[in-house]
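Student: Protein chains in written order, with my numbering: chain L, 626 to 768; chain A, 448 to 643; chain Y, 1289 to 1435.
The reader is advised that the hints may include incorrect statements.
Stated by the list, open to error - Okay, derived cross-link-like pairs now, DMTMM-like style, lysine to aspartate or glutamate, Cα gap no bigger than 25 Å in a straight line:
hint : chain 1 : residue 1 : chain 2 : residue 2
1    : Y       : K1335     : Y       : D1345
2    : A       : K535      : L       : D733
3    : L       : K710      : Y       : E1396
4    : A       : K535      : L       : E697
5    : A       : K589      : A       : E499
Hint data in this document are derived by calculation from the structure and do not stem from the laboratory.
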Amino acid sequence: MISLWHFLGVGAILFGLGLVGFLTRRNLITMFLSAEMMLQGVVINLLAFGSHHGSLGGQAFGLFIVTVAACEAGLALALFLMLYKRGRSLDSGDWQTVREVGVPPAVDTVPLPAPPPDDHPTLPVPGRLPEQAEVRFQEVTRA
Amino acid sequence: MNLTVVLFAMLAAVTAASAVGVAASRSVVRAAVWLLFTLIGVAGVYFLLGAEFLGAAQLIVYVGGTMVLMVFGVMITNQGPFAVLRTKPVEWAVGGVLAGGLFVLLATASLNFVSSGKTPDDPLPGISPIGLSFLGVEDGGKSYLLPFEVVSVHLLVVLVAAAYLARAKRRVNQVASGKEQGTNKEDTRQEQGVTP
Amino acid sequence: MTALVATVAVFMSVGLLFVLANLLLGKLVRPNRPSVEKGEIYECGEKPVGTAWIQFDLRFYVVALLFVLFDVEIAFFFPWAVVFGEATQAADAGHPAARSFAAFTFVEFLIFFGILLVGFAYLWRRGDLEWVRSMSNERPPSATRGG
């Protein structure tokens, strides 16, 4: 028969694998995905205990955690996008300037390959509204 | 062999296998897709535990919303082959040992709960008690009125902050950090920024 | 709950079986004559330019973010709606206390939603919801008309 232990075991597996992913990856987005997986393990634990005691707390907590995870994803990805815009890289090792005081910088023994040239087509850049632009162009051509 | 055991074994196997996929795949896109299956499997575990609404919310919010956001993040930042960063065997060993130790610790700790008589098939409170507790009615349980209202403030803050961060801004000064070499398409895009 | 999960599992396995059976049947029946034209991404269409790893525009992200943050609210609005519906039904059945309770929950809901609408108003005001299209790197229409 399925007991509480089995559910806790699934939670522990998710948490452990998420930890492996978080520790071994350098891509910020992959690290974030692994962290989400650890969060899932935690929610399974909460819900298993809530179900074990037949109480409401686990489920309510799970709902709040789902909400917080969505918010976290939105904010974290926005931050990653900003970091990517600045450095053209998602490597977490590139952001050593934000390390703690007194910690020596980590240096790659084998340097990473250079990013490939950015020569593929992109969407049109965001800018003014077309009608405003047209008005401005007409002013320019008249003058 | 009981039906619950079979279903639990199936769900746990799907969840764990796709979790291995997340941890082992080198490409970001593949990791995201594996995580999608993990989340679906976890939603199945929620259903099995009797938390229907949480499972449904997981499917709608997490699988349908958060994963879309993550895939968009991957699409916006992807640089083709450079999205793949290799992991050294030493890092695998360190991470594996740490996580394995943690897993053994958690598993032995949770084995202590085996002796209890209750099974997780007991009916959980449904949606209506959850709603009552969110709205501040202490009906034998706890009231979650304060978290309920705080969550809305939290969502507001995230909405404003993330939109501010992700907005294409006009650069005040060209701070050329050491990383920016050559022509940078993003920079020109920022200078012709959206906001007046 | 086991019945629910079993139903879903049966549905998914039948769906998978259907797909796999069709693929297998096609593999057994169809002739195999590959050619270069058939291997192209668009067999009859434009030649693809560059790789599939296009870097998408940042504007998609803001839209997705908005979607997620308003998607999350189902986790809170749905329980509220259940409670509100039950209270209204009880009030219609003739419980005067239920009427005031329904009004109370509605006020709580309005507070929740009002706080969120502040963020929505901010985004609207700042123009994050407008999908503007740039003309700055295209030829101006007046110039092409010869004006």
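Student: Each hint: holds or not?
Tutor: Evaluated hints:
At most 25 Å may separate the alpha-carbon atoms for a hinted pair to count; Y/K1335 and Y/D1345 meet this at roughly 22 Å. Between A/K535 and L/D733 the alpha-carbon distance is near 11 Å, which keeps this suggested pair within the 25 Å criterion. The hinted pair formed by L/K710 and Y/E1396 fails the criterion: a straight-line CA distance of about 41 Å is larger than 25 Å. At roughly 29 Å between alpha-carbon atoms, A/K535 and L/E697 are farther apart than 25 Å, so this suggested pair is violated.
Note on A/K589 and A/E499: the hinted pairing holds, with a Cα-Cα distance of about 20 Å set against a maximum of 25 Å.
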